[in-house]
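2 protein chains.
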Amino acid sequence: MTIFKLFLLFSFLSFSFSEETPNHHAFPRPLILEYAELEEEEVSLRCRSWRFAGEANNLSPWKTVPKECAEHVKEYMNGKGYVYDLEIANKEAGEFAKSVKLKEDGLDAWVFDIDETLLSNLPYYAAHGYGFEVFDHAKFDDWVEKGVTPAIEASLKLYEDILNLGYKVILLTGRSESHRAVTVDNLINAGFRDWHQLILRSSDDKGKLAVIYKSEKRSEMEKEGFRILGNSGDQWSDLLGSSVSVRSFKLPNPMYFIA
Amino acid sequence: MTIFKLFLLFSFLSFSFSEETPNHHAFPRPLILEYAELEEEEVSLRCRSWRFAGEANNLSPWKTVPKECAEHVKEYMNGKGYVYDLEIANKEAGEFAKSVKLKEDGLDAWVFDIDETLLSNLPYYAAHGYGFEVFDHAKFDDWVEKGVTPAIEASLKLYEDILNLGYKVILLTGRSESHRAVTVDNLINAGFRDWHQLILRSSDDKGKLAVIYKSEKRSEMEKEGFRILGNSGDQWSDLLGSSVSVRSFKLPNPMYFIA
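Protein sequences, first through last, are from chains P and Y.
Per the numbering used here, the first sequence starts with residue 1, numbered consecutively.
Per the numbering used here, the second sequence starts with residue 1, numbered consecutively.
What the hints contain is simulated information worked out from the structure, not anything from laboratory work.
Among these hints, one or two may not hold up.
Which copy is meant is left open, because identical chains are indistinguishable; a pair holds if it fits in one copy or across any two.
[Unchecked claim] Lysine to aspartate or glutamate pairs mimicking EDC-like chemistry, simulated, CA-CA at most 20 Å apart:
| no. | residue 1 | residue 2 |
| --- | --- | --- |
| 1 | K74 | E41 |
| 2 | K139 | E177 |
| 3 | K80 | E41 |
| 4 | K63 | E95 |
| 5 | K80 | E39 |
| 6 | K67 | E41 |
| 7 | K63 | E133 |
Remember, predicted model here, so these are calculated numbers, not experimental data.
All chains should be modelled from the sequences, with the hints used to inform the complete structure.
Right, dumping it as structure tokens:
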């Protein structure tokens, strides 16, 4: 693969190349090994920028991980980068949670999303290209019904801290009501306990954008008197919209996008 | 520096270490070189996570770049990572801008912040530790008054595209009214032109949080009839609050935080 081809590959990511971009005429030939290293570094940097852009909510809706970044996302998800990103997001959430003086009326709430927030579907996505394959609803439903999705350790620790501080925990997930029983079992087996409410998509919520569905549900919480202080989710559609929390915490997820 | 010391250093970043964290007892000794490499990789990963967390709006307000990440931030700001992150954010903004069918009443607006959004104060920060030194208002004012802040190339390209598409450009900056003349000259010399309005902090706005000041100004734009379709800024306080834009674009900035 030449540097030139790499330029083409990344036309989807980049619309103007700085003068710093290596020009292959500037290198003596045939330094094949050096080319390969340069290319690998370029791919890594461009894909990291793509991932960054996602975490900063700069990307338009996307259906699959860009082909050029499939390997990068796989490595990230299986490496320390993902673990450390989960840790710092949850640590910041925990520090904020501790910093708030709760009222004693039991109405201070923390909202958690479930998939890729409390539970990790990494085993499923590892078998399906880490987001490079188009999402298959039926296959994913089969996986959910197994009820074996493991906890995200850093999120489980935050969850315990939040409970112990006296927050009411409300779980708000895009999973359908039909998965309620297996979701409850899965959460308990993964170590989660004592949530105040578990909200799943009812038949009325079918077809709604996640950001609308979740905003509506948060609005209902507020009508019940809850003060939503924190909200943890791996999608911006978990966190934005209306009735948003005082602080929200975006957990990393470069594998899929939910609007 | 031992791995153990590294752990201590990063206690501010990490509250739970996964089992993947290298245990120095697991390595044969005295592989000093390998230790050094491992440490460097750890620092790099932890600091990248810190930077990611900032871009995802997960961090509490901070005053300086963490000591351990000073070198990481310097390398990032001077390397391709920063350039590529600027490029992808501006590219996504441009694609969104093009995708909107504008009304022909001249009321479709795009809001731009100035510092670290259109103009780059990197020369100033390079001389002041890339955010590792505590911000010095007087020194920064002196720098601003020189009027030599260069354009961010990818943002200048977006700016031109936005103008050519027919948007009204409104510049909304935290700079004070006292810097108006030099800011206008600086912008023009850097290649920016034809903005509809340049809003700076008046004496009435002194002491307001940026997120409040900017929300108020956007609210005034809406009262004048403008539809704020896009908003580009390097701080979340440029983008959040009320009267927010349809889509906003967070440009990277690991050097400072404005609430």
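Problem - Intra- versus inter-subunit Cα pairing at 20 Å for K139 with E177 - result: Answer is within; shortest intra-copy Cα gap is 17 Å, inter-copy 59 Å.
Problem - Intra- versus inter-subunit Cα pairing at 20 Å for K80 with E39 - result: between (23 Å within a copy, 13 Å between copies)
Exercise for the section: Have a look at K74 and E41 and pick one of within, between, both or neither, based on CA distance no larger than 20 Å. Expected result: both (16 Å within a copy, 18 Å between copies)
Handout entry: Status of E133 relative to K63 across identical chains (alpha carbons, at most 20 Å)
Key = within (9 Å within a copy, 42 Å between copies)
Practice task
Give the relationship of K80 and E41 under a CA distance limit of 20 Å: within one copy only, between copies only, both, or neither.
Solution key: both (18 Å within a copy, 10 Å between copies)
Practice task
Tell me, please, which holds for K63 and E95 at an alpha-carbon limit of 20 Å: within, between, both or neither?
Solution key: between (34 Å within a copy, 17 Å between copies)
Exercise for the section: Tell me, please, which holds for K67 and E41 at an alpha-carbon limit of 20 Å: within, between, both or neither? Expected result: This pair counts as within: shortest intra-copy Cα distance 16 Å, inter-copy 26 Å.
Comparing the model with each earlier hint shows no violations; every hint is respected.
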